[in-house]
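Novice: Make the full structure from the sequences, and use the hints.
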Amino acid sequence: MNVTIKKVNDITVIEAEGNIDSRTAGEFEKKAVEATTDEDKIIIDLSKVEFLSSAGLRALLILYRQVKARNGKIVLVGVSEEIQDVMENTGFINFFILADQIDDGVKAIG
Amino acid sequence: MATIQDKSINDIRIDYYPTHEHQGMKFRRGHALPFGAATVPNGVNFSISSSAATACTLVLFDRGADKPYAEIPFPEEFRVGDVYCMIVFDLDVERLEYGYRMDGPFAPELGHRFNKDIILSDPYARSLGGRDTWLAEPNWDDVYPYRSRLAFEDFDWENDHPLELPIEDLVIYEMHVRAFTRDPSAKVKNPGTFSAIKSKIKYLKDLGVNCIELMPIYEYDEWENSKPNPVTGEMLVNFWGYSTVNFFSPKAGYAATGKFGMQVDELKTVIKELHKNGIEVILDVVFNHTAEGDHRGHTISFRGIDNKTYYMLTPEGYYFNFSGTGNTLNCNNPVVRNMVLDCLRYWAADYHIDGFRFDLAAILGRAQDGSPLSNPPLLESLAYDPVLAKCKLIAEAWDAGGLYQVGSFPAYGRWAEWNGKYRDSVRKFLKGDEGQVGEMAQRIQGSPDLYFYRGPTASINFISCHDGFTLHDIFSYNEKHNEANGEDNNDGGNDNHSWNCGVEGETDDIEINFLRHKLIKNALSILLVSQGVPMLLMGDEMGRTKKGNNNTYCHDNELNWLDWTLLKKNPDLYTFAERIIKFRKAHPVLRSSTHFTHSDYVGSGYPDISFHGTKAWQMDWSAYNRSFAFMLCGDHAKRGIIKDDMIYVAMNMYWEGLSFELPQLSHDRKWHVFSNTDMPAGEDVSQLGREPLVQNQDHIIVGARSVVILVGK
Chain A
1 MNVTIKKVND ITVIEAEGNI DSRTAGEFEK KAVEATTDED KIIIDLSKVE FLSSAGLRAL
61 LILYRQVKAR NGKIVLVGVS EEIQDVMENT GFINFFILAD QIDDGVKAIG
Chain B
1 MATIQDKSIN DIRIDYYPTH EHQGMKFRRG HALPFGAATV PNGVNFSISS SAATACTLVL
61 FDRGADKPYA EIPFPEEFRV GDVYCMIVFD LDVERLEYGY RMDGPFAPEL GHRFNKDIIL
121 SDPYARSLGG RDTWLAEPNW DDVYPYRSRL AFEDFDWEND HPLELPIEDL VIYEMHVRAF
181 TRDPSAKVKN PGTFSAIKSK IKYLKDLGVN CIELMPIYEY DEWENSKPNP VTGEMLVNFW
241 GYSTVNFFSP KAGYAATGKF GMQVDELKTV IKELHKNGIE VILDVVFNHT AEGDHRGHTI
301 SFRGIDNKTY YMLTPEGYYF NFSGTGNTLN CNNPVVRNMV LDCLRYWAAD YHIDGFRFDL
361 AAILGRAQDG SPLSNPPLLE SLAYDPVLAK CKLIAEAWDA GGLYQVGSFP AYGRWAEWNG
421 KYRDSVRKFL KGDEGQVGEM AQRIQGSPDL YFYRGPTASI NFISCHDGFT LHDIFSYNEK
481 HNEANGEDNN DGGNDNHSWN CGVEGETDDI EINFLRHKLI KNALSILLVS QGVPMLLMGD
541 EMGRTKKGNN NTYCHDNELN WLDWTLLKKN PDLYTFAERI IKFRKAHPVL RSSTHFTHSD
601 YVGSGYPDIS FHGTKAWQMD WSAYNRSFAF MLCGDHAKRG IIKDDMIYVA MNMYWEGLSF
661 ELPQLSHDRK WHVFSNTDMP AGEDVSQLGR EPLVQNQDHI IVGARSVVIL VGK
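If you're matching them up, the sequences are chains A and B in order.
The numbering of the first sequence is our numbering, which starts it at 1 and goes up by one.
The numbering of the second sequence is our numbering, which starts it at 1 and goes up by one.
Just so you know, not all the hints are guaranteed correct.
[Said to hold, decoys possible] Anything over 12 Å on all C-beta distances counts as not near chain B; from chain A, calculated:
hint, residue
1, Ile5
2, Asp21
3, Lys41
4, Ala55
5, Gln66
6, Asp104
[To be verified] Using 27 Å as the maximum straight-line C-alpha spacing, the simulated DSS-like pairs for lysine-lysine come out as follows:
hint, chain 1, residue 1, chain 2, residue 2
7, B, Lys189, A, Lys68
8, B, Lys259, A, Lys48
9, B, Lys569, B, Lys189
10, B, Lys189, B, Lys202
11, B, Lys272, A, Lys73
12, A, Lys7, A, Lys107
13, A, Lys30, B, Lys26
14, A, Lys68, B, Lys276
15, A, Lys48, B, Lys189
[To be verified] Counterexamples of contact, computed for chain A against chain B with all Cβ distances above 12 Å:
hint, residue
16, Ala35
17, Glu39
18, Leu52
19, Leu98
Keep in mind the hints are simulated off the structure, nothing from the lab.
We put the beta carbon where it would ideally sit given N, CA and C, even for glycine.
Specialist: Written out as structure tokens, the structure reads:
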């Protein structure tokens, strides 16, 4: 599990690589929260993530809630079809804006 | 003053830290309550009780591992009464699978069947591993086949709340999760799953259903008693699921995400979506027995933890079999009673379930020696429980031990019943049996002969359900055809009260097929204009057939799967069902919560209900009579609070048409035809509010074996 933080214009892009599950969700959440403490435009790039477990989904939602609480915007990009299906089945998808690629994510944030 | 941000105060607790260590695992004394496994700061609290065990060991696995990674015997000082409890620290709750070994005597004659070689599933586990994907071949040599797991219990319900619809306003649709969308004709993503139900919400709403009753969704083992079909070689399985392995866990194999262990979130998402669309969810729950069978059965959980507590035992230590499935849960033992209560509270509070239908509920009123109790503590507890206060409680008021309590089930002002007498009376009447009009007059009124003090809402009216023939098959088969079940056609009931209309099974005969459709429409008409709560069986609105099989519990195939192409094959049935449901919902006079008084208490000039024959105001009660009519006075709707139309329903089950004299209307009201099942498709049922005027306001012809519904407005 690797987390890389980038900047595209004024948007913070968090790129995750590997599976986000109970073993890595804590680390992902910690790094993502640290990188976004004072940011209100955030993209999470999941194109290199194959699997999100229950804990992984919750880590994303916690991040979303924190950003939302300060009226920030958060967009998920590169979410595989299988992960989208899981998010749809478990209701998590309703909380997020999804975009295909980073460019689409930048547009979605506006 | 401490605040939420003031974490230092919250952290000042000395029980967040381990005091003991064993095999590298850190743990401490736990809390006796709640039972089960619950997350606490830094760890998980495990709690389980046994009245006769001499020792208990907690067994911990990583998800799917062949062998446990740790076994921690409960130190004697951790035991509180009969409860073994401890907190274990630093566990990966997402990957954890846990179980117990219980030591104690193996002495069946004394009721004890302990065996510490077996790893036992926690009766309070919130989810179960081992049958994660429907019919995926399990590891038959697994040392621990049904693995207790924790579940995330932090679902975001947003503003959801159980709907609490008045029970008299419900139109219940009994369905099987897998059968509903498994057939390719359902054309859904993830067919046969909880999630797929969401794709059919629009269908249910369009049909007018506002409550779905799910056949068992508690974790069961579809492989239980599986065997090849002697004729086709196809595997016969436990498809219906009336054999619970764990009462607190949803069936993982019904979840598209079961393989990821996310069935809890998935089911809750479906319930939330159904609620958003005005549809309640009732669960069919099976507290009369478990999947452990009789003395020859597998030990999964209860038997190895506290056999004598969980099961009704004969004096010799064998299992009473009031359920017909090998054992009987000892529901009126206080420990088991509390488990049932904890379980239902959990489903009501954590899953927002709107109600429960109790399979073979008469067993819940039996004492520990099997005798029927006049004041069964379990039923009373459920009726008065504050968490369940707004839940519908529905009893299947009989059991396989011969206790038949329709009309006499201990109700405490709360319980409704599957009205088996409604089903039987209406079926006999529909097929033209003599001597039924007296019974029928009771049934369409909400069975005041059975529920005089309880009111019509005690009566769940149904003509077909998962047990027995579908509505289509009631009028297509004289006899059951259960050969495919592999029991030489000896299983399933023989009292079907069915009539094949002249040919056994499918036919090309146009007249017979017209008659069958007409009889189905007659049934739908009577069901939806009866006082009480109507329940439809999944697919009856489109002419679903099970090919004459009246006990399809073991088929994971087209005998159970709903064939959605029937909507195109039988559009007239769907249209009829959809419009008659709308008709019921539009007319409060059909949905009374109190019984009729047979008097005019609002000064309308008409009694609330009146009975008629071929002559108005003259009902023929004689035994050979097969027809009658009744009229409801809309001014009496909801005890006179709401003004509704007059409704007149004429039912002629005689083999020739009859002329019915119509009661005269007052206040310039005229009779209009809502439905006439004798008419061809397209002319058999009106759109709501567009009912054509009856030309002759004095008489109508009601065709042979037909039902006519008129609206006076």
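Novice: Each of the hints needs a verdict: does it hold here or not?
Specialist: Structure-based check of each hint:
1. Ile5: holds, 26 Å
2. Asp21: Since the minimum Cβ distance to chain B is about 7 Å, aspartate 21 (chain A) lies within 12 Å and the statement is violated.
3. Lys41: holds, 24 Å
4. Ala55: Check fails; 5 Å does not lie beyond 12 Å.
5. Gln66: holds, 15 Å
6. Asp104: holds, 23 Å
7. B:Lys189 to A:Lys68: violated, 31 Å
8. B:Lys259 to A:Lys48: With a Cα-Cα distance of about 21 Å, the restraint between lysine 259 (chain B) and lysine 48 (chain A) holds, given a limit of 27 Å.
9. B:Lys569 to B:Lys189: Status holds; Cα separation ~23 Å.
10. B:Lys189 to B:Lys202: holds, 15 Å
11. B:Lys272 to A:Lys73: Distance ~25 Å between lysine 272 (chain B) and lysine 73 (chain A) Cα, so the pair holds.
12. A:Lys7 to A:Lys107: Judged against 27 Å, a Cα distance of about 15 Å means the pair holds.
13. A:Lys30 to B:Lys26: holds, 25 Å
14. A:Lys68 to B:Lys276: Distance of about 24 Å is within 27 Å: holds.
15. A:Lys48 to B:Lys189: holds, 25 Å
16. Ala35: About 23 Å separates alanine 35 (chain A) from the closest Cβ of chain B, which puts it past 12 Å; holds.
17. Glu39: holds, 22 Å
18. Leu52: Answer for leucine 52 (chain A): violated, closest chain B Cβ roughly 9 Å.
19. Leu98: The assertion about leucine 98 (chain A) holds, with a minimum of 17 Å to chain B.
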